[in-house]
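Colleague: In case you want the letters, here they are:
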Amino acid sequence: MASAAVADAHAEHHYTSTGLSSTKIAIWAFIGSECFFFASLISTYLIYKGRSVVGPFPHEAWTNPATGQHFKAILNIPVTSASTFVLLMSSLAMVLAHSAVVRGDRKYSKIWLAMTALLGATFLGFQAYEFTSFVHEGLTIKTNLFGSSFFILTGFHGAHVTAGVLWLMTLLFIDMKRGLGPRDAINVDICALYWHFVDVVWIAIFTLVYLIQ
Amino acid sequence: MATTVAAPPFAGTKRKYESGLWSWLATTDHKRIGQLYLYTALTWFLVGGLEAAIIRTQLYGPNGRVVSAETYNQLFTMHGLSMIFLAIMPLSAAFFNFLIPLQIGARDVAFPRLNAFSYWVFLFGSLVLNASWLFHAAPNGGWFGYAPLSTPQFSPGLNMDFYVVGLQILGVSTLAAGFNFVTTVINMRAPGMHFMRMPVFTWAAFVTQFLIILSFPIITVAITFLLFDRFFGTNFYEISAGADPLLWQHLFWLFGHPEVYILVLPAFGLVSEVLPTFSRKPLFGYPVMVYSLILIAFLGFGVWAHHMFAVGMGPVADSIFGITTMLIAIPTGVKIFNWLGTMWGGSLRFTTACMFAIGLVGLFTIGGISGVMHSSPPSDLQQTDSYFIVAHFHYVLFGGSMMGLFAGIYYYFPKMTGRLMSETLGKWHFWLTFIGMNLTFFPMHFAGLDGMPRRIWSYDNNQGWNLDNHLSTIGAYILVVATAIFVVNLLRSRKSGQRAGNDPWGAPTIEWSIPSPPPEYNFARIPTVTSRYPMWDAKAPHLTSGVPHSKEGEKEITVSMAGKPTGHISTPSDVEMNAEDVHPSAESLGIHMPTPTIKPMVAAFALTIPFIGLMWHKSLPVILLGAVFFAVTLYAWLLTPVEPEH
Amino acid sequence: MTADHSHSQTTIDAHGDAHAVEHTHPDWGTYKWVALILTLITVAEVWIYYTPIKETRLFVPTLLALSVAKFAIVVMFYMHLKYDAKLFRGLFVGPLTIAILILISLLFLFGHLSIHAA
Amino acid sequence: MTGYHRARRLLLAALTPVFVLGLAACSDVPNTIFGAHSEFGHEIDSLTYRLLILGGLVFVLVEGLLIFVLIKFRARPGNPEPKQTHGNTTLEVTWTLIPAVILAFIAVPTIKTIFKTQAPAPANALQVEVIGHQWWWEFRYPQYQVVTANELYLPVGRTINFHLKTNDVIHSFWIPQLGGKRDLVSNRTNYLWFTPDSSYAWNGFCAEYCGASHSNMRFKVFTVSPQQFEAYIAHQKTGPAFAAAGAPVPGADTSKKGAASPAGQVAAAAPTTPAPAAEGADGIWPRDRVPKWLIPETPTPAGLTISTVNGDPARGAQLFKTGACIGCHTIQGVSPGVIGPNLTHVGSRYTIAGGLYPNDMKHLALWIKDAPAMKPGSIMPAMGKGLPHAMGAYDDQQIADIAAYLSSLK
Ligand code: HEA
Ligand code: HEA
Ligand code: CUA
Ligand SMILES: [Cu+2]
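Same order as they appear, the protein sequences are chains A, B, C and D. For the first sequence, the positions run 1 to 213 when this note's numbering is used. For the second sequence, the positions run 1 to 646 when this note's numbering is used. For the third sequence, the positions run 1 to 118 when this note's numbering is used. For the fourth sequence, the positions run 1 to 410 when this note's numbering is used.
Just chain A, same shape as in the assembly (with noise of 0.2 Å):
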């Protein structure tokens, strides 16, 4: 729900009794909730961990023994470990993008929303791929519980990172339109926070479910 704290802060220009803004403490919130959220998808992704009862399985390969067919390893490590470092860089041009907004800097505010905003669609890209290529090598969302909880969690971690990005494309289109000021630094600043958490899920998620075996 958090975007729809984006405008509706309705104490924005009140008083409020802390001092800070109404709308990042919403975010703040959300964020702790969201915790709990992709606690939950990891901890089921780690549950489930060696009990499918056929493969393909993430790390190591697998013969149906009943039809013979042979299935290699499924997580690879290069491809994601590239995507990971992609998202890193997204937020490193999020922060900039933020100063940038806050210093009222018209034009590197763009540009940085805008790499931001690519580097998110960059790694979902690898995402696609990856999912694709999965599935080319029989790992379906049904096919076991490891293709089950992978596919969720990381499929819920991708559809966080579209969000982020429709959210950047909309600052970024009223950057454009209106140009964002000093005044705007505060919508910004949770964009930039749901940005880095996202990010953050993402740093954990790549060493429980792809480093870790």
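Rather than coming from a laboratory, the hints here were simulated on the basis of the structure.
In silico contact screen, one side only, chain B against chain A (beta carbon under 10 Å); selected entries: (1) 189; (2) 194; (3) 216; (4) 222; (5) 228; (6) 232; (7) 233; (8) 238; (9) 241; (10) 247.
Even glycine gets a Cβ: it sits at the ideal position worked out from N, Cα and C.
Since the structure of chain A is provided, determine the placement of chains B, C and D with the ligands on it from the hints.
Modeller: Using the frame of chain A, we list chains B, C and D with the ligands on its own:
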């Protein structure tokens, strides 16, 4: 203390959206939304109660054949769902909406339109869930819909689709409201309204919001899995794929136990408002009451597996969860005793509100004690899934939550409507409820100890359960009568109840310093709060002087009501000042209120479309259309400012 | 390294929002270092994945340590929790802690962790 | 034991009012959890008594205090404004500590009991596999290769270790008089053990909601003397009393979960002599000792009737063997079906349909005619001619024949 100017004379031009159906569809006024919640929830309470009444009729005698087994299973599932998600939670939400801003001295919640959105999502969600009756396919897996029974393999019908979709939609509403109120309490408090000066109801509500925003994501995930299992063939609960049914149980109860405190803490809060007023004494041990709330909520996240003592978690887990569960009795006990301490030495006025509050203290304790009996795993092996459990949770839910909420309704009805509810009918309502409730649920203890399993459509003769069930059913009928009386009282008092002044009860907190019903802007000027009980400081200086809750030398209070002498403490006889139209308009006071808009409602409606499409043969076009529609309305809403630019 | 940056920053956006606390962000000077460190940690993570360390019992702890470090850095600097009001810290760290505790206890309950094994 | 007796006396003292009510509310209570008949049950009981006592104590204390306050401090005309107190730390600490102490008195025995009752079962225990089905119970004695359904025989004085599994959804195995329940969880095996200490007949229930006929998933337990148990097992190992011709079918696949008894081997081993006629020699619980509350009184569905109840077993046997029945039911030496209950000795049971109906010609016939009507959701299809979704097309006479055949299977 609450200092608010007497408002300038009324410059009365009715603003548009101010009356008629439209004004309700487009409202962003927390007080109106609160009432929408109230009446919607009460309606669902009647439905849930009606379901209960049918359940009890079926169980009146052995081998009952009033309804079929299939219907019965739908009835108790929907009864549980209706009461928990459509009655008690939204009733609490009604009070969050109506009271929090008034109690903290704010004009509205932090995000008024998000607030409207929450209500409409709740309404549409509850309608979707109950639409299942039209298809004779109401959820039938029990309110905690255990896998694998809820998976397509064992529940192929629409029933559990409605469960999944309904709860998913309702979750959105609850979460949205949660973020809204967390922000409101943190950020909208009037000057001087420090956390440790907040009325205890606001505290309870505040803590509850954290339980909500931290536990609902978990059920959202659990239900999402089930949704994907049912609609897209994933394997989360698919036995043949090696799934572990305990995954659902752990995720569900990780939400489920915090949920039960979500259901009861607001009621605790209301009682903590009612008892001081009618004992004419401040709440006993305010700080401890606040800390115990926080402690209960915190511990509430560490006890979930006490619902799973029979699934074979092993001795270590059983022991740990047994102990953590017992610990919760301590902070809860502190609350009970502090309420007793509040009444001790007071001078108790037995108004209906007060009687319901006292009812909670007495009846919740019974449910709590049986709860502690469950918390001992070996003993629980004999109790679990028997009527002993049913007795427990009705004592805490009806004897706790409902009693507290009834107390709140009688107590705050005058503030909502400007009129008092009938005390005569109220007393009838209370006594019939009190008797009926004990007659219904106390025998269930014995039925349970005599080996009667729960969720059984019918039981055989000479199992020793007949008498218990006769009594329960008679009790339930008494409750139907009681509730009917309440409904009548509510409807009649709205129109013709005795006029209430600003402060019919002589209550201590600032919401009583403003007219009843309050003007849309609540406070003509935001009050400055200097104590926990500003109204008492003002009205009875001789009482509160030297008492730590008030500051010396600041005793005068000016109550904001058009043309009334300041310092006046109103009594039910102050008729004229209650008519809505004597309030000066917001403009005339230079107050900017949010512009009414139906965009939140449209967005809420749009949100439900994809879910309906999902159930409707997974029709992709409907889903996509709905999603786009939602996105569009969301933009339309978010990109228009809350208030007219100024 | 951040003190002077954040200082200069304050003056820049003093006209931004009324509340200095909220906007004593670090700037490019800090960010580039943060980005560099994050990159290095990521490289390290992937690197040890391809080294013999992978086979040792150190592998998992090391990876966890590294990602926790990454996590913390992003949260403290990019999400400027380090500079921001305490309230936000509470709103984030509190839930995060409970969530992690729950995750761990679930792993115990499903037998993926156990006292003697660990 | 003594502890539990003392506890009981104390309890009666502390909770007389509640108990008076209780007894009033349940004059005849065949399934009460109190005074259990196994060591496991006793452990639980003494804990439960302790909880009731302490709970009762708290109850009396709190409600007493409440009532006192309500009377003493009610507003009377003209009494002064009350003194404005704001709390009292000593008091508040006290009523934090007292509950803590009470809880300690609950926690310690609780933990003790947990570890005692969840210790591994003694090695010499009798192993019994309990397999839940929607909505009936399968019982297997792996040590004796005996499979039966819905009626469970246990020896007194010997520890029984139950292996709890399910064939479909979650069920829960509960014999209130013998001790607490355990769930049958899909893809898991749970264990529960206890030692019956007296010979009698008990009701058992499915305690976890498991779908349409959860309420109709009952079973009966007979705790018998070791000798009688031996006799029972011996009899169960023999083929059906009505040894209708037909070679023993090749052993049904026992590796499969929920599979029937290895008919092949057993039948080969067991001479198919008619069962001994004398009551008790076959180890079956004597009819005259069956308590009345053991025999179900479930009414049969309105409109479901059978025109005759006297059939010819021989014809019934033929119909059974040539009909759909064999697809689902095992009769040792006759049919290998594994979907429904094993019927080898169905005639010697007191109930049918998961303890839902008494086992007599009428109910048996009606059951065969239209099981789904007799038991909501039943997976067994109707067999009667012309009934909706009927699988067979038997007329009432044929049904009576099959019923006669089955009842003859002592
Ligand atoms: C309002 C909701 C609510 C509340 C507040 C509670 C409060 C408690 N509940 Fe309850 N519970 C439910 C709603 C609630 N419960 C529901 C709905 C279910 C069934 C779900 C389902 O299966 O459908 C359930 C089931 C349930 C179970 C699972 C039973 C089973 O299925 O086997 C357990 C087990 O431990 C339990 C324990 C407790 C305890 C220890 C408390 C404690 O918080 C109670 C603490 C209060 C007191 C103890 C009284 C006051 C204290 C004193 C006067 C001090 C002195 C007291 C002592 C020292 C004992 N509850
Ligand atoms: C807050 C929650 C709440 C409340 C208030 C109630 C209230 C009641 N409940 Fe229920 N109940 C649950 C929550 C609640 N319940 C839950 C969670 C379950 C578990 C479900 C499951 O197992 O999945 C359950 C299960 C449950 C069962 C067990 C079913 C079973 O296991 O087979 C029974 C049986 O008697 C029961 C009875 C009642 C009765 C008689 C009331 C009464 O108090 C109801 C009183 C209310 C009314 C009587 C209002 C109706 C009034 C009218 C209809 C008058 C109409 C007048 C006008 C329109 C003017 N409830
Ligand atoms: Cu099987 Cu309930
Ligand atoms: Cu609980």
